[in-house]
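Participant: Sequence order for the protein chains is A and B. The first sequence begins at 1 in this note's numbering and counts up one residue at a time. The second sequence begins at 1 in this note's numbering and counts up one residue at a time.
Don't take every hint at face value.
[As the list claims (entries may be wrong)] As a list, the in silico DMTMM-like pairs of lysine to aspartate or glutamate whose alpha-carbon atoms are at most 25 Å apart:
| no. | chain 1 | residue 1 | chain 2 | residue 2 |
| --- | --- | --- | --- | --- |
| 1 | A | 371 | B | 58 |
| 2 | A | 427 | A | 239 |
| 3 | A | 207 | A | 239 |
| 4 | A | 365 | B | 36 |
| 5 | B | 10 | A | 406 |
| 6 | B | 11 | A | 339 |
| 7 | B | 3 | A | 348 |
| 8 | B | 99 | B | 79 |
| 9 | B | 11 | A | 239 |
| 10 | A | 111 | A | 210 |
| 11 | B | 10 | A | 287 |
| 12 | B | 3 | A | 558 |
| 13 | B | 10 | A | 339 |
| 14 | A | 136 | A | 558 |
These aren't lab readings, by the way, just hints derived from the structure by calculation.
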Amino acid sequence: MSERRIGVYICHCGGNISDFVEVEKVRDAIENEEGVTVAKTTMFACSDAAQQEMINDIHEHKLDGLVVASCSPTLHTFTFRGVAERAGLNPYQYVQVNVREQCSWAHTDLKEQATEKAIYMVKAGIAKVRLTHPLKKTRIDTVPRTLVIGAGISGLRAAIAHSDLGISAFVIEKSDRIGGWVSEFGKMYPHNRLGSDLITELSEEIKKRENIHIYTEAEILTKSGSVGDFDVKIKVKNEEISLNVGSIIVATGFASYQPYEGEYAYGTDGVLTLPDFKELIDNSKGEIIYQGKPVKNVTYIYCVGSRDSSGEKGHTYCSRYCCNAAIHASLIANDVSSELNQFHIYRDIRTYGKYELLYREALQKGAVFIKFDEASPPRVEKSNGRFNVQVKDVLTFGEEIEIESDLVVLVTAMEPRENKAMNDVLKLPVSLDGFFKEIHPKLRPVETVIDGVLIAGTSQAPRNSAESVAMSLAATSKSASLLMKGYVELEPLIAMVNEDTCVWCGKCSEACPYSAIEKISSGEKEIAAINTAQCKGCGCCVPVCPENALTIKGYTDEQIRAMIDAMEVLL
Amino acid sequence: MTKVNPDFIKKVATSEEFNATACINCGVCTAVCPMDVELLPRKLFRYALLGLEGKVLENTNVIYQCLLCKMCEENCTADVHIAENVRFLRSYISKEVFKL
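Bound conformation, chain A alone:
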């Protein structure tokens, strides 16, 4: 007989479970299982009253294992781990059985079989809990310093925000000056302030602070350690410097799409990309002159390099910033010379939020918007020194119209920046679009799978400067919440090496996506060792081990076998 004392609670979930699974029958079937001391059903296991009842039972019956058969662990693992903890039971001696999503909801038409399945699922849960051991979270003391990679507007703003919170920031920048793209921009939307002024303001702010250090012509060489305590080596000009930081913020920015030769006549004088056109108008006064000739008509072609559904020549994604940027540029051009005629040839205009005002203003000032279909893109031809842009207007049901222009502006995409050397060190995942990937775009928008490494600005996705800064501040608050507490606690459900059987073949280390396994010597032989802070418990290393020397705590082979045995009906 097992000496374990296990409490089992089967939830009705109002009716979500009990309408299809006969929970009383399940209770009757498992109450005599080995080790089960308490077996109860409850209307809502997650309710305060039910939680209190569990706590009382744990005290009264001196329970050392808890099983709750209810909903998905994603929803309530932490709820019931909390119950265990409050009752003085180790939270890792709790097992959740998902009889809602994986049973009652899935078998609404087979009630009898659903009940039978629920019984076996709960039996498996009990078998697993019998083999649990108390586990402790790993605690790591954090250092109150951060490393910001990239001194563009996002990076600089993140550094200042860290400094405000009392966290030192080291900023490394590949080029020989700070400010990135924004320092080269003239008037920016929506505030119409000069990009160069914004950067000057930030750099003045930085000069006032002693806890921000900026290294230009610098790059990252190596990174070791883990969340809260990274050791980083950087190269500044020809000098190597070692830094010890608690978090890393990646704000490496974007690259601008270069149209290929001949794309809308690109390569001919007078066909400009949006950044080139912006530079032209930023330096114009009273009149726009291009190569000695005054400009009267300007045609903008949108989505160049973006939203290419074949993905062969351009990118498949929408670059988000360009509708607003192009319309804002056209308003500035209009300020320079109100005589200008401007034609916007677009596929879809997305001047989202308050940027709609820019679109309204452009319309009022006489800009013409012409919608084209991806299947019949505009054609650009040069004759007698002017451009002839031919386009099929969708809104007049395919009327073919012709626009004479002096300049053709290609509204180009934002691209991910090539950063191989850095990413060989950081090993950040990239999305299908080639930008750095967050864990979840809505729920965990600045975190990456590497704990303590956060992403901000346009290194993550195309966006404008205001959105980039917002994300860099989000990354700052995430970083600060890690570092200001002084320590981080990490899940103990990670890999474990059996030192007796391990012979260090290195296969586990190759399989590990988080570089968490390294070679150490133990007595006379070499074995694998797990970096407890880096291991995520994904289990990739377990099946590749030829000696079966690896196992995941909380998911040991022994437990999994016991669970299968408990479901003997399925064998």
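Got chain A; can you put chain B on it based on the hints?
Facilitator: Structure of chain B alone, referenced to chain A:
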């Protein structure tokens, strides 16, 4: 292929009396028109906004066919003053084409 005439845009589309930029091309106006004029008014206004003077003049007859009954204006979802716009186009044609 119709050429865009920027001067026409200046004279018509940006004039304060002619305002069709709010048009969302829904087609309610065309559907309720008692004269059953397919062109009126959304396509016509679109020609005007795009600066396609040739296309507008080509349809002079249609522009004068309108009863100015305001059925379309009453039903317009974007509050475009359709009848006023038609009258504006008529006055433009009278001046520029018929030299009245």
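Participant: Return the numbers of the hints above that this structure violates; sort them in rising order.
Facilitator: 4, 8, 9, 10 and 12
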